[in-house]
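Chemist: Heads up: the protein sequence lines correspond to chains A and B, in order.
Note that the working numbering has the first sequence beginning at 1, numbered continuously upward.
Note that the working numbering has the second sequence beginning at 1001, numbered continuously upward.
The hints are simulated quantities; they were obtained by calculation from the structure and are not laboratory data.
These numbers were taken from a predicted model, which means no experiment stands behind them.
Where hints are given, some of them may not hold.
To be verified - Here are the simulated lysine to any residue pairs, SDA-like style, with alpha carbons at most 20 Å apart:
(1) A:Lys93 with B:Ser1047
(2) A:Lys117 with A:Lys196
(3) A:Lys93 with B:Lys1117
(4) A:Lys93 with A:Pro169
(5) B:Lys1093 with A:Pro43
(6) B:Lys1093 with A:Ser47
(7) A:Lys93 with B:Pro1043
(8) B:Lys1117 with B:Thr1135
(9) B:Lys1313 with B:Phe1216
(10) A:Lys93 with B:Glu1020
(11) B:Lys1117 with B:Pro1067
(12) B:Lys1117 with B:Leu1095
(13) B:Lys1093 with A:Thr166
(14) A:Lys196 with A:Glu69
(15) A:Lys313 with A:Thr166
(16) B:Lys1313 with B:Gly1324
(17) A:Lys117 with A:Asp45
(18) A:Lys313 with A:Lys196
(19) A:Lys117 with A:Glu217
(20) B:Lys1117 with B:Phe1216
(21) B:Lys1093 with A:Leu39
(22) B:Lys1093 with B:Phe1216
(23) B:Lys1117 with B:Arg1129
(24) A:Lys93 with A:Lys313
Protein chains: 2
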Amino acid sequence: MTFDRHISLAHGNGGRFMRELITEIFARHLDNPGLDVSLDAAPMDLSGVDNDSMIPMITTDGFVVQPLEFPGGDIGSLAVHGTVNDLAVCGAKPLYFSLNAIIEEGLESDCLERVVKSLAAAAREAGVRVVAGDTKVVPRGNGGGLYLATTGVGLRPAGLMLGMHTIQPGDQVLVSGPIGDHGIAVMLAREEFQIKGDVQSDSASVLPLAEAAMAFEGLRFMRDPTRGGLASVGCEICSATGLGLRLMETAVPVRESVGMVCEMLGYDPYYLACEGRVVAVVAAAEAQALLEAWRATAGGNQAAIIGSMVSDKARLVLETELAGERVLEELEDDPLPRIC
Amino acid sequence: MTFDRHISLAHGNGGRFMRELITEIFARHLDNPGLDVSLDAAPMDLSGVDNDSMIPMITTDGFVVQPLEFPGGDIGSLAVHGTVNDLAVCGAKPLYFSLNAIIEEGLESDCLERVVKSLAAAAREAGVRVVAGDTKVVPRGNGGGLYLATTGVGLRPAGLMLGMHTIQPGDQVLVSGPIGDHGIAVMLAREEFQIKGDVQSDSASVLPLAEAAMAFEGLRFMRDPTRGGLASVGCEICSATGLGLRLMETAVPVRESVGMVCEMLGYDPYYLACEGRVVAVVAAAEAQALLEAWRATAGGNQAAIIGSMVSDKARLVLETELAGERVLEELEDDPLPRIC
């Protein structure tokens, strides 16, 4: 690289340094013939869209995770997975991405480059193209190293009727894998906690899992349990449907290492973020078949049926191992800030 | 509002406080039936798009301006104008927006509300709908109050052939109004400079100006001169076309108040950001007609023909009042950081 080892304010000024930053880090790794850095706006090929067969969907996410790099991922791959997954759980195939980077003066350019490279790899794997971008540099002490914001555009079949409003009593609730890995991995990567552990973030595209689920006519709703975790998705479902949701503690997959850290530090895995899991609600008759389909899909080998919808008070109840009950309330305090 | 006067980390945790923040500040002012805050992704109606008549365009921008509010605008209206204008100068009609807010713990919620209200008003005026959003809260000392990132989607006529590659020797260069107002207005709003002035930002949608220009067959290229100002647009044109661009100092509109501040502080107005101006390159035969069309359009009454493309060394030359010449080089240092 022809520029300094650290990002300076001059890299955000619209002049030569900014052009070099964009060319040598962003455009180079996102090597995309569609990414013409001299354009104000980029074209998207959405041919065939007529609102009868395919509907264009848009979603957006900001990323402020600390540290920027953690076991199993970094802010770059996380930004792609977070945005891909929001489209995937709506039944949409992600196609185009925009990327905003707010860079703090002093960030090591090597770190920035690793993150952009990882972002580019995640985008390629998910089949999305970064077609628009912007960079800003903020003065030292104003930024936390790097913040990213991504917007994704995708297409979903017009006939697909997913939504909390379709959920019925008796429907079964599945999760595609162990919960809380991302939250704990990021937490352990913060040196402040002085705890070592081998937990990897689950950060990944859930597109294959979402596509597998869409084959089922009885699929009602999907959501990726990020900030606020499984419990927050559950509370939202109860609040939107007026139904109760009963989770079986023994059925919810939690890695032993995650469970141990939670016990040591007093975290509740039900509220910890995942970045590569799907929660699905499906008609009871198809729950077992969806479970098998997920277990045969990449990222789904530890999928489980974890609970069911009931005609009861609209609240999320955890049936504990010893046949007790615990109500999981909507999150108030922030147990673990900046995990995405 | 039921929540505290200041934003706290709990407003970013995915739980109740975050829901209240989104409902009471964002959703309320962006009162948009399309903004369903419980959705992971939102549908966009782009019916009729077939890549033969209209092409979907995407653009994105980050905003880190300091202070958040300044004479003539704030970070909210600026975010809308910046993104609308990137689409407008490509010949696209902006339709849908996504919005990311990265909020610093401790920001006054009244300030956030004013900014979101202003953003909503600017969006309504430009005819765009905010259909997707995300909020994050970062700890005190990590954020500069508020950063925004916006992505815009619009449609442009497929037959429209705008681009620097269409620029010919002899083409005329126009600007739609006085330059540098935004840069100076933001600078004066920073108390550190201890200078008072009555300069207002030019922050505005240039959609009417862009639409007026698109009526001309000889229109080659448009650009909004933001970071790096008029000189940066000029340098980029020279570099892309291999042609020279000669600007006439006496023809470039600069407000007296802006010129005075520049003289006092040693700024060069050619490098100062505008947020509501358009630079257009047009065939010589249509330059006068475009000038008249712009002068009859809102925001264009001080438009001017400011220079011409020449078969000469690929550089931007300013012909000074006293018949001298000054080469305007690509920007290196950052004269005025965080103006957008």
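Chemist: Taking 20 Å as the top limit, are the C-alpha atoms of Lys1093 of chain B and Thr166 of chain A close enough?
Modeler: Violated - the C-alpha atoms of Thr166 of chain A and Lys1093 of chain B are around 36 Å apart, more than 20 Å.
Chemist: Hint check: Lys1313 of chain B vs Gly1324 of chain B, CA-CA at most 20 Å. Holds or violated?
Modeler: 17 Å, holds
Chemist: With a cut-off of 20 Å on the C-alpha distance, tell me whether Lys1313 of chain B and Phe1216 of chain B pass.
Modeler: 28 Å, violated
Chemist: Taking 20 Å as the top limit, are the C-alpha atoms of Lys93 of chain A and Lys1117 of chain B close enough?
Modeler: 33 Å, violated
Chemist: Just to be careful, I want the Cα atoms of Lys313 of chain A and Lys196 of chain A compared with a cutoff of 20 Å; is the pair within it?
Modeler: 41 Å, violated
Chemist: Checking one constraint from the list: CA of Lys1117 of chain B to CA of Phe1216 of chain B, max 20 Å. Satisfied?
Modeler: At roughly 36 Å apart (the allowed maximum being 20 Å), Phe1216 of chain B and Lys1117 of chain B break the hint.
Chemist: Could you grab the alpha-carbon distance between Lys1093 of chain B and Phe1216 of chain B and see if it respects the 20 Å cut-off?
Modeler: At roughly 17 Å apart (the allowed maximum being 20 Å), Phe1216 of chain B and Lys1093 of chain B satisfy the hint.
Chemist: Are the Cα positions of Lys93 of chain A and Pro1043 of chain B separated by 20 Å at most?
Modeler: Holds - the C-alpha atoms of Pro1043 of chain B and Lys93 of chain A are around 13 Å apart, at most 20 Å.
Chemist: For the pair supplied as a hint, Lys1117 of chain B and Arg1129 of chain B, confirm whether the alpha-carbon distance does not exceed 20 Å.
Modeler: 14 Å, holds
Chemist: Take a quick look at whether Lys1093 of chain B and Ser47 of chain A sit within 20 Å of each other, Cα to Cα.
Modeler: Status holds; Cα separation ~18 Å.
Chemist: Compare the distance between the alpha carbons of Lys1093 of chain B and Leu39 of chain A with 20 Å, and conclude whether the hinted pair is satisfied.
Modeler: 16 Å, holds
Chemist: Tell me if the straight-line CA distance from Lys1117 of chain B to Pro1067 of chain B falls inside 20 Å.
Modeler: 17 Å, holds
Consistency with the previously given hints fails for numbers 2, 3, 4, 9, 10, 13, 17, 18, 19, 20, 24, ordered from lowest to highest.
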